Each structure stands twice: as C-alpha cells, then as structure tokens.
Amino acid sequence: MPFFVSRKNFESEISKRAAEACDQVISQMGAELHDDLIQKLSIFRLYMDRIERSSSDPAEIETLVIKMKSDFEQVTRAVKNLSRRLLPVRMEGDTLIKMLETLCLTMEHPGTGHVHFSTEGDPIPMSEQVEMHVLRIAQELIQNAFKHSAAWHIWVRVQWQANKLVMEVEDDGSGFSRIPEFINRLKKKNNTLKMRSQAIGASIDYRQGTKGLLAKLILHTNR
1 MPFFVSRKNF ESEISKRAAE ACDQVISQMG AELHDDLIQK LSIFRLYMDR
51 IERSSSDPAE IETLVIKMKS DFEQVTRAVK NLSRRLLPVR MEGDTLIKML
101 ETLCLTMEHP GTGHVHFSTE GDPIPMSEQV EMHVLRIAQE LIQNAFKHSA
151 AWHIWVRVQW QANKLVMEVE DDGSGFSRIP EFINRLKKKN NTLKMRSQAI
201 GASIDYRQGT KGLLAKLILH TNR
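Numbering (full-length UniProt numbering), first residue to last: 1 to 223.
By construction, these hints were calculated from the structure, which means they are not laboratory data.
These figures come from a predicted structure and were not determined experimentally.
Keep in mind that a hint or two might mislead.
[Stated by the list, open to error] Cβ-Cβ distance ranges computed for the label pairs, FRET-style:
{"id": "1", "residue 1": "ASP49", "residue 2": "GLU128", "range": "44 to 50 Å"}
{"id": "2", "residue 1": "ALA59", "residue 2": "ALA150", "range": "40 to 46 Å"}
{"id": "3", "residue 1": "ASP71", "residue 2": "GLN161", "range": "49 to 55 Å"}
{"id": "4", "residue 1": "ASP57", "residue 2": "LYS98", "range": "48 to 54 Å"}
{"id": "5", "residue 1": "HIS148", "residue 2": "ALA59", "range": "24 to 30 Å"}
[Stated by the list, open to error] Straight-line Cα separation of at most 30 Å, DSS-like style, residue types lysine-lysine; simulated pairs:
{"id": "6", "residue 1": "LYS147", "residue 2": "LYS211"}
{"id": "7", "residue 1": "LYS164", "residue 2": "LYS67"}
{"id": "8", "residue 1": "LYS164", "residue 2": "LYS216"}
{"id": "9", "residue 1": "LYS164", "residue 2": "LYS211"}
{"id": "10", "residue 1": "LYS194", "residue 2": "LYS147"}
{"id": "11", "residue 1": "LYS194", "residue 2": "LYS211"}
{"id": "12", "residue 1": "LYS98", "residue 2": "LYS147"}
{"id": "13", "residue 1": "LYS98", "residue 2": "LYS216"}
{"id": "14", "residue 1": "LYS216", "residue 2": "LYS194"}
{"id": "15", "residue 1": "LYS216", "residue 2": "LYS147"}
{"id": "16", "residue 1": "LYS211", "residue 2": "LYS67"}
{"id": "17", "residue 1": "LYS69", "residue 2": "LYS98"}
{"id": "18", "residue 1": "LYS98", "residue 2": "LYS211"}
{"id": "19", "residue 1": "LYS194", "residue 2": "LYS69"}
Beta carbons: idealized from backbone N, C-alpha and C, even for Gly.
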C-alpha cells in the first residue's frame, strides 16, 4: 500500500475525522443541556410546595403562578432549541427519507416558518454514516435559511437518480439583490457544510432559486 495519497483523499479523510469530532461534541452538549433542563424542571416541584403553603394567600399564589408561567416558557424554548440542534437517536428500521421527513417537521416554526419535504425516485442504499452526514447537512441548511434569510417557507427536495442523490434546499427569504453576496460568502467559508460534504465525497453548490437562495448537494453513489 503506498504511503502517499492524493490531495482529494487526504482532504476527505481530514473532513471525515473532523465531522466525527463535531458529532461527539454535539452529543456531549446534548448531555449537558439535558442536565440543565432537568434542573429547571425540578424548580416546578418547589413551586408546587410553595403554592400549597400559600393556599390561604391568593395574592401570593397569583405571584407564584406568574413566575411559573415565565419559567415554563423558558423551559419550552430550551426544549425546542435542543430538539432543533440535536438530531434524535436513529431508531431501528429508520430510512434516510423517514429521518429527513421527521427533521423537517421538527424544525418548523409554527405560524412563522414552514418546511416542505418531497422525494422522487427509488432510494439508493447507503451506509449509516453517509446518511447521517446527509441529514446533518440538511439540518444546517434549514437552520441557516431560518437564521440568515428570514424565510417563511423552505423546500427540501430529494431526487434519487441513477447512481446519484440530489438534495435541494431552497428558501423564500433571501432578497434577490443580496443573493450574489450570500453565494460568494458561502463559497468562501470553510464551514461544517463543506467539511461534511467533503467527508462523503459530495459537492455542494449555491445559486439563485425561484424565490430565494438554493443550495444543491450532489452525492454519487455505487449501487
């Protein structure tokens, strides 16, 4: 076996290891956030005890209820943020399509942000590691669309072609006048999207879509 490798293979291996390190950090963050939520939820037990002790003081009860509502809203936001940042554990039998559908539903912002998912063609078998990278890429593209373009609608389209997976993520929030600026900035950034696409030998490109920014991932596969 030769001791040298091509630059492309070297970059792919580095990207793969970096992506694995990122996933490990995300898992650790999830554990820490989980502990923080448990601590916040335990406060509600204390509230209930105080309400029982203040049963004869309506004004005190009203004050405690207001505080409980405020804390409950904080916990709700924390849970929503956690669910969007961390993907659920893969269940046995889950396909990439099923996980993408679940991801799109999870990442919707009720009333303000809608994620539409569609797929066509016959799915091509891929390793679990590759599927998780595709899932993470879709997740980050959706997050970016909501965060940076103020999108109302995001379309995630998956096309299974001959020996190829094509995934498009398009938003309706980027103003046409700023799209060239966004595209130029994204192409220059050495971010986790580029890292993950390199790790699986895929390409990711940005262009002007029908209503906003369109990101296109192309992954060649072996049947």
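Quick rundown of the hints versus the structure:
{"no.": "1", "hint": "ASP49 x GLU128: 44 to 50 Å", "verdict": "holds (46 Å)"}
{"no.": "2", "hint": "ALA59 x ALA150: 40 to 46 Å", "verdict": "holds (43 Å)"}
{"no.": "3", "hint": "ASP71 x GLN161: 49 to 55 Å", "verdict": "holds (50 Å)"}
{"no.": "4", "hint": "ASP57 x LYS98: 48 to 54 Å", "verdict": "holds (52 Å)"}
{"no.": "5", "hint": "HIS148 x ALA59: 24 to 30 Å", "verdict": "violated (46 Å)"}
{"no.": "6", "hint": "LYS147 x LYS211", "verdict": "holds (17 Å)"}
{"no.": "7", "hint": "LYS164 x LYS67", "verdict": "violated (54 Å)"}
{"no.": "8", "hint": "LYS164 x LYS216", "verdict": "holds (13 Å)"}
{"no.": "9", "hint": "LYS164 x LYS211", "verdict": "holds (26 Å)"}
{"no.": "10", "hint": "LYS194 x LYS147", "verdict": "holds (18 Å)"}
{"no.": "11", "hint": "LYS194 x LYS211", "verdict": "holds (24 Å)"}
{"no.": "12", "hint": "LYS98 x LYS147", "verdict": "holds (25 Å)"}
{"no.": "13", "hint": "LYS98 x LYS216", "verdict": "holds (20 Å)"}
{"no.": "14", "hint": "LYS216 x LYS194", "verdict": "holds (12 Å)"}
{"no.": "15", "hint": "LYS216 x LYS147", "verdict": "holds (19 Å)"}
{"no.": "16", "hint": "LYS211 x LYS67", "verdict": "violated (43 Å)"}
{"no.": "17", "hint": "LYS69 x LYS98", "verdict": "violated (35 Å)"}
{"no.": "18", "hint": "LYS98 x LYS211", "verdict": "holds (27 Å)"}
{"no.": "19", "hint": "LYS194 x LYS69", "verdict": "violated (42 Å)"}
The structure shown violates the earlier hints numbered 5, 7, 16, 17 and 19.
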